[in-house]
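Using the sequences and the accompanying hints, generate a full structural model.
As a plain string of letters, each chain reads:
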Amino acid sequence: MRRAYFKTSWVAAALIAPQLLIIFVFFYWPSVQALYWAFTLEQPWGGGNTWVGFDNFTKTLSDPYYWSSVQVSMVYALATTALAMVMALTLAVFVDRQLTGYKAYRVALIWPYAIAAPAVGLAFRFVFNPNAGIFSYINTVAPGLWDPTQVGWQAVLTIVIAGAWKHVAYSFIFFLAALQSIPRSLIEAAAMDGARPLRRVFELQLPLLTPTIFFLIVINITDSFTDSFGIVDTLTGGGPFRATDLMVYKIYSEGFRSFDYSGAAAQSIILMLLVMALTFVQFRYVEKRVHYT
Amino acid sequence: MKTNWLLSAALATTALIVASTPATAATKFEYWYGLTGDLGAVVAETCNRFNASQDDYEAVCVGQDGYENAVQSTIAAFRAKQHPTLLQSFDAGTADLMLSGEFYPVTKLMQDTGVTIDWSDYFPGIANYYSSKSGEFFSMPWNSSTPVYYFNKDHFAKAGITEAPITWEGMEEAFKALKASGQACSQAYAPSSWIDLEQFSMAHNVPVASNNNGYDGLDTELLFNTTLHVKHMENQLRWINEGYSMIRTAQSGKTARDSFVEGECSVFFSSIADHNTIHKLKPAHAWDVQIIPTYEGVTRTNTVVGGASLWVLSGKTDEEYKGAAAYLAFLATKPEQQFLLENSGYIPVTKSTYEALKAEGFYANEPYINRDIAMKSLTWSEPTELTRGIRLGSFIQIRAEWTAEVQAALAGQKTMKEALDTAASRGNDLLARFARTYPGKSFP
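Line order of the protein sequences matches chains A and U. For the first sequence, the working numbering begins at 1 and goes up steadily by one. For the second sequence, the working numbering begins at 1001 and goes up steadily by one.
If you are wondering where the hints come from, they were derived from the structure by calculation, not from laboratory data. Please note: incorrect hints may appear among the correct ones.
Below, simulated DSS-like cross-link-like pairs (lysine-lysine); rule was C-alpha separation at most 27 Å, straight line [to be verified]:
id: 1; chain 1: U; residue 1: Lys1028; chain 2: U; residue 2: Lys1316
id: 2; chain 1: U; residue 1: Lys1441; chain 2: A; residue 2: Lys59
id: 3; chain 1: A; residue 1: Lys59; chain 2: U; residue 2: Lys1414
id: 4; chain 1: U; residue 1: Lys1334; chain 2: U; residue 2: Lys1322
id: 5; chain 1: U; residue 1: Lys1358; chain 2: U; residue 2: Lys1153
id: 6; chain 1: U; residue 1: Lys1334; chain 2: U; residue 2: Lys1358
id: 7; chain 1: U; residue 1: Lys1417; chain 2: A; residue 2: Lys59
id: 8; chain 1: U; residue 1: Lys1280; chain 2: U; residue 2: Lys1133
id: 9; chain 1: U; residue 1: Lys1081; chain 2: U; residue 2: Lys1028
Written as C-alpha cells, this is what we have:
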C-alpha cells in the first residue's frame, strides 16, 4: 500500500482550516463569551454589563437547589449509562450469537438513536402516564403507587429509562461491531475447551471488549450530562418540585426563560469543568484496566 | 482572480435580491408573534387582512412558537441587529425590555407618525397595565384576557347549586354539595401563579410585592408569603387532601381543561381565552363561566389583563415605523377587534368596541354568551395602587420558583407556608440580582 503525504505543511493547514474555523466559531468563541458573561451581570437587550467577579459562581454554588441539581445529574448520568450499556451489551451478545430473527433485531435496535429526544420524551409520557399508560396497570393493582408527577424518585426513574432507551442503540452498534471483530477461532477454541456460552462472554469476550466499554462509558456519561434536555423538557419539565431539574435544564430555564444570561453562563462553565473532570478521572483511573490489543 | 470571484459573487447576490423584490414599492416590516396553533393562524390572518386592505405597507409576520421563544429569538436577533419591527410579547417577559429602553413607546410612535388613537377609550385595567407612570402606552394591547372559572352546569344542578358562587366560602360549600351528589372530583386543579397568586392578589387588593408591586422602584421585595394568598393556598391544599380537588396537569397526562371537558371534574380555573377552545371541544354537558371568587369580608377589586401586547422595537427605519403604526391602528379598529373575538376567546380592549358589540347583541348568541363576564371582572373597580399590574424583573423565574415550591407543598414535602416563604426568599434574590443588573434605573 502506498502512503500519501504532503511535502508542504501549508496544504495540510489549508485542508484542516475549514474544520478549525467551524470549531472556533461554534465552540471556542461561544465558550469564551460565556466565560466573560459568567463574571458579569449581562443585560439581555444589550446596553452594557457590570463586572461582578466571582459573584455568579458563589451565588450558584451556595444555592442548595443547585447542589441537588448536580446530584440528580450525576445519578441520571451514571444510571442511564449503566442501564444503557448493560442492555446494549446483552442485546449485542444475542445478536452476535445469531439467534432467530437477529437480522430484524439488528435493524430495529438502531432506530431509537435516530429519534429526536423530545419525541422520545413524548412517547414515554404516554408509557409512564399514571392514569392511562402501561404503567397505570401498577395503579390498578396498587392504587396510587405509581405517580411520577408527584413522587420525585419515580420521575427520575422515568427520565433514566427514557434516556437509557435512547442511548441503547448507540452502544449497541459499537458493542456489536466489537463482538464481531473478535476472531471466531478464539471463540471456537474456547468452546472446544468446554467453555459454555456464558463463561465465554465473561472470560473471553468481555475482556476483549474493554476498549469499547471504556469508550462507551466516556461518551455515554458526557452525553447524559449534555444531551438530556429534550427528554426532561417533554417528560417532566424539571419537576415535580425540581426532582428532575438536571444541570442542563437549569441552565436553559434560567438563561433562556428568565434571561439571566450571566447566571446561566456561570452554570455552563461549572458543567463544563465537571464533565472535563469526570473525563479526566476516567482516563486517569479507568483506562488503566483497559487492554488494547 | 480572487477579487473577481468575490465581485461576481457579490453581483450574483445583488441580482438575487433585486429579482426577489416585488414590483410594488410596498414597505415591508417584520412582526414576530408568539401565539401558536389556531391562535397563531389568527395572527397570520390579521396580517393578510392588513396587507389586503392597503398597498403602502406589507407586514411580514413570522410565528415564533410560543411567547418565550418569541422573546428569546428577538433578543438574539436584536443583538445581531436583525430584529423585527414588531414583537408580540407576554407581560412577564418585558421587564428587561422596559429597562433597556430599546423600544418605541406606541403613544410616541402614533404621535410621530400622525396616527390618531383615542387612548382614553381603552379599559383602565388594560391601559394601566401597558403604560408608564405618566400614562404613556409602552406597547399596544391586543390579545387580552383575564381569568374566570368554568363550571359544569349539569353537575351543579344535580348537586342543587343554583348559582355559581363568587366567594371562596361559597365555592367550598359547592365542593361539598358536589361531593355529596356523588361527584368524585369537584375541581381539576393545576397550580398557576397567574391565577392563584397574581390575579387572586388583584381581586383582593393585596400586594404581591412591595413598591406597589414593583412600580415604584427596583429595590422591591416579594410580600405574597404574608398576605391572604397564604390562607388561600392552604385551602387549595386542604381541598386536595379532603378529596374535593384533584391535580390535573399536562405532566400528569391530563390537563385540567381536558378533565373538565370530559366531565371528570366539575370546576376548573383558566383564562377566558379558553372559552372559545372549550366550545370547539364540544363537551357533552352544559357549562358556563363565572368570575373568580374572593373571600368574604374583602372588598373586591378589579383583576388585570393577561395575554400579550405588541411592542415596537428600536433601531428601525421611519418607513418601517409608519408601517407598524398603520398595522397597530388597523388592529385597534372595531372590525379587527371583532375578528379576533370571533376567532378566539379574547376580549375587546376598548370601551367603544365593547359597547358597540353589546348593542349589536354580539354577546347574546352562542358561542359568545357570558364571555363578557371577563369584562365584569376586569372593570369591577377603578384600578388601585395595587391592582394596576405587576412590574417585576426575572418574573418568569419568580413564577417558576412559586410553582416548584407549591408543587412541593402539594406533594406533602413541606407546609404551604414554608413553601411560600422559600419561594419569596428565592424570588427576592432574583429581584436583587435584577436590580444589580440595571444599576440606577427604574421602570418608566
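Against the structure, the hints come out as follows:
1. Between the alpha carbons of U:Lys1028 and U:Lys1316 the distance comes to roughly 11 Å, so the proposed pair stays at or under 27 Å and holds.
2. For the hint pairing U:Lys1441 with A:Lys59, the CA-to-CA distance comes to about 23 Å; that is within 27 Å, so the pair holds.
3. Distance check on the hinted pair: A:Lys59 and U:Lys1414 sit about 24 Å apart at the alpha-carbon level, within 27 Å; holds.
4. With a C-alpha separation of about 21 Å, the suggested pairing of U:Lys1334 with U:Lys1322 holds against the 27 Å cut-off.
5. With a C-alpha separation of about 24 Å, the suggested pair U:Lys1358 and U:Lys1153 falls inside the 27 Å cut-off, and the hint holds.
6. Only pairs whose Cα atoms come within 27 Å are accepted, and U:Lys1334 paired with U:Lys1358 is accepted, the gap being roughly 12 Å.
7. Taken as a hint, the U:Lys1417 and A:Lys59 pair is honoured in the structure, with Cα atoms around 25 Å apart against an allowance of 27 Å.
8. Distance hint between U:Lys1280 and U:Lys1133 is unfulfilled; the C-alpha atoms sit about 40 Å from each other, more than 27 Å.
9. Straight-line distance between C-alpha atoms of U:Lys1081 and U:Lys1028 comes to about 16 Å, which keeps the hinted pair within the 27 Å bound.
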